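Engineer: The chain contents come next:
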Amino acid sequence: DSGVTQTPKHLITATGQRVTLRCSPRSGDLSVYWYQQSLDQGLQFLIQYYNGEERAKGNILERFSAQQFPDLHSELNLSSLELGDSALYFCASSPRLAGGPTDTQYFGPGTRLTVL
Amino acid sequence: AQSVTQPDIHITVSEGASLELRCNYSYGATPYLFWYVQSPGQGLQLLLKYFSGDTLVQGIKGFEAEFKRSQSSFNLRKPSVHWSDAAEYFCAVGLNNAGNMLTFGGGTRLMVKP
Chain A
1 DSGVTQTPKH LITATGQRVT LRCSPRSGDL SVYWYQQSLD QGLQFLIQYY NGEERAKGNI
61 LERFSAQQFP DLHSELNLSS LELGDSALYF CASSPRLAGG PTDTQYFGPG TRLTVL
Chain B
1 AQSVTQPDIH ITVSEGASLE LRCNYSYGAT PYLFWYVQSP GQGLQLLLKY FSGDTLVQGI
61 KGFEAEFKRS QSSFNLRKPS VHWSDAAEYF CAVGLNNAGN MLTFGGGTRL MVKP
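If you're matching them up, the sequences are chains A and B in order.
Take the first sequence: its letter number 25 is residue 25 in the numbering used here, and every next letter is one higher.
Take the second sequence: its letter number 92 is residue 92 in the numbering used here, and every next letter is one higher.
What the hints contain is simulated information worked out from the structure, not anything from laboratory work.
Quick caveat: nothing in here was measured; it's all calculated off a predicted structure.
Take these hints with a grain of salt, some might be off.
DSSO-like mimics (lysine-lysine), calculated; alpha carbons at most 30 angstroms apart, straight line [what the hints assert, rightly or not]:
{"id": "1", "chain 1": "A", "residue 1": "K57", "chain 2": "A", "residue 2": "K9"}
{"id": "2", "chain 1": "B", "residue 1": "K49", "chain 2": "A", "residue 2": "K57"}
{"id": "3", "chain 1": "B", "residue 1": "K68", "chain 2": "A", "residue 2": "K9"}
{"id": "4", "chain 1": "B", "residue 1": "K49", "chain 2": "B", "residue 2": "K68"}
{"id": "5", "chain 1": "B", "residue 1": "K113", "chain 2": "B", "residue 2": "K61"}
{"id": "6", "chain 1": "B", "residue 1": "K49", "chain 2": "B", "residue 2": "K61"}
{"id": "7", "chain 1": "B", "residue 1": "K49", "chain 2": "A", "residue 2": "K9"}
{"id": "8", "chain 1": "B", "residue 1": "K49", "chain 2": "B", "residue 2": "K113"}
Chain B is faced by these chain A residues, among others (derived, beta-carbon under 10 angstroms) [as the list claims (entries may be wrong)]:
{"id": "9", "residue": "L43"}
{"id": "10", "residue": "Q44"}
{"id": "11", "residue": "L46"}
{"id": "12", "residue": "R63"}
{"id": "13", "residue": "F69"}
{"id": "14", "residue": "L88"}
{"id": "15", "residue": "A92"}
{"id": "16", "residue": "T104"}
{"id": "17", "residue": "P109"}
FRET-style restraints, in silico, Cβ to Cβ [to be verified]:
{"id": "18", "chain 1": "B", "residue 1": "G41", "chain 2": "A", "residue 2": "E75", "range": "18 to 26 angstroms"}
{"id": "19", "chain 1": "A", "residue 1": "N77", "chain 2": "B", "residue 2": "R77", "range": "39 to 47 angstroms"}
{"id": "20", "chain 1": "B", "residue 1": "S72", "chain 2": "A", "residue 2": "G3", "range": "30 to 38 angstroms"}
We put the CB at the ideal spot given by N, CA and C, even for glycine.
Construct the entire structure; sequences and hints are all you get.
Structural biologist: Structural data, given as structure tokens:
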């Protein structure tokens, strides 16, 4: 158990819909990262938040957005869903903003999104 | 931009045999290097990491990896594989800058024969 929790575990929805995925980081971690794992794209970094502020963006679609709240939990919002958005979405957390010997990312169990 | 290549998509080894999973990275400086394992239906678990210093790093579950700068490689090894090691293994590169995202390789699926 990494200490990172994600809800829900599974989500099934229809095209065009909007969903929200939730992540609670490890106690004390200030950075939260979102990754998408799909069969065709592999594991891709989406976005990073640090202490409530967006700090880095990867291959995140404009239909997707995220935020980190004062209690440090984060939500990933996916809208106008398409079949191709079906994937496993991981949240990870680390203590600090930038890399370093102690700043390892610990991953949650993921949320499996199925778009029908 | 940095990239990570795991040349072997699938590897099958017999239980008790040795294992080496290959990982090559492309980056202008020495990156931070990681190996993660993903068991079926599970999240990613960190096996080991390299930041600096001794190029041979030890991890959990009996795994080790060796950083070779000249070959831009960070191969994962285990002297004797157990059936429970069957999983997907991911090599990743991290950068020491603002925006500490990881770039992952495509993964290697390990199957273990009895």
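Engineer: Now tell me, hint by hint, if it's right for this structure.
Structural biologist: Okay, the hints, checked on the actual structure:
1. K57(A) <-> K9(A): It holds: about 24 angstroms lies between the C-alpha atoms, which stays within 30 angstroms.
2. K49(B) <-> K57(A): Given that 30 angstroms is the threshold and the Cα spacing comes to 23 angstroms, the pair holds.
3. K68(B) <-> K9(A): violated, 39 angstroms
4. K49(B) <-> K68(B): holds, 14 angstroms
5. K113(B) <-> K61(B): At roughly 18 angstroms apart (the allowed maximum being 30 angstroms), K61(B) and K113(B) satisfy the hint.
6. K49(B) <-> K61(B): holds, 14 angstroms
7. K49(B) <-> K9(A): holds, 28 angstroms
8. K49(B) <-> K113(B): holds, 28 angstroms
9. L43: holds, 4 angstroms
10. Q44: holds, 8 angstroms
11. L46: Nearest chain B Cβ about 9 angstroms off; hint holds.
12. R63: violated, 20 angstroms
13. F69: violated, 20 angstroms
14. L88: With a closest approach of 9 angstroms, the L88(A) hint holds.
15. A92: holds, 8 angstroms
16. T104: holds, 6 angstroms
17. P109: holds, 4 angstroms
18. G41(B) <-> E75(A): 18 to 26 angstroms: About 23 angstroms separates the Cβ atoms of G41(B) and E75(A), which means 18 to 26 angstroms holds.
19. N77(A) <-> R77(B): 39 to 47 angstroms: holds, 41 angstroms
20. S72(B) <-> G3(A): 30 to 38 angstroms: holds, 33 angstroms
When each numbered hint is compared with the structure, violations occur for hints 3, 12 and 13.
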